[in-house]
Amino acid sequence: MTEVEARDRTAIAELVRLFFAAFTSGPDLPEQLEAMRRTLLPQAVIVRTGGGEPAVYDADTFIGPRRELLSGGRLTDFSEWQVSGRTEVFGDVAAHFCGYAKSGVQDGTPFTGQGMKSFQFVRTGAGWRISAVAWCDEQES
422 MTEVEARDRT AIAELVRLFF AAFTSGPDLP EQLEAMRRTL LPQAVIVRTG
472 GGEPAVYDAD TFIGPRRELL SGGRLTDFSE WQVSGRTEVF GDVAAHFCGY
522 AKSGVQDGTP FTGQGMKSFQ FVRTGAGWRI SAVAWCDEQE S
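422 is the number of the first residue of the sequence shown in our numbering; add one for each residue after it.
In case anyone wonders, no lab produced these hints; they're calculated from the structure. All the given hints hold, so there is nothing to weed out.
If you anchor each label on the Cβ, the simulated ranges turn out as follows:
1. Thr423 with Gln464: 26 to 32 Å
2. Val468 with Thr445: 18 to 24 Å
3. Gln464 with Thr431: 22 to 28 Å
4. Gly529 with Leu462: 36 to 42 Å
5. Pro531 with Glu426: 40 to 46 Å
6. Arg544 with Arg458: 17 to 23 Å
7. Gly494 with Arg428: 40 to 46 Å
Glycine is no exception: its CB is placed at the ideal position from the N, C-alpha and C atoms.
The whole structure should be built from the sequences, with the hints applied where relevant.
Dropping the structure here:
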């Protein structure tokens, strides 16, 4: 791996880390959500799928409800983290596919879950940015 490839992979890994870090309830939530916003292209497309029609968001319609959910008191002790993943880079485009886990307490009831996320990245003049994210939580059978 060349030095440039290693830097690209490090930059992409940091974007993924910042994206997941934004889903942690607590006093650092405003800063975490703002850091995640900076990882996204302004026109980024974010899609939740699994068990019905996909829900499609832009940065604002994605971040706003999560800010409310994570700071409103109904969801506490929440975090989400990557458990495995792989990244492919070609020129100015890259993709990262990963498994993740999550846990928290919603309305007084502890829960855990897991799923898969797919990230698309593009290189900009300001560095790598997320152009799209799609995820699917594991469905109960």
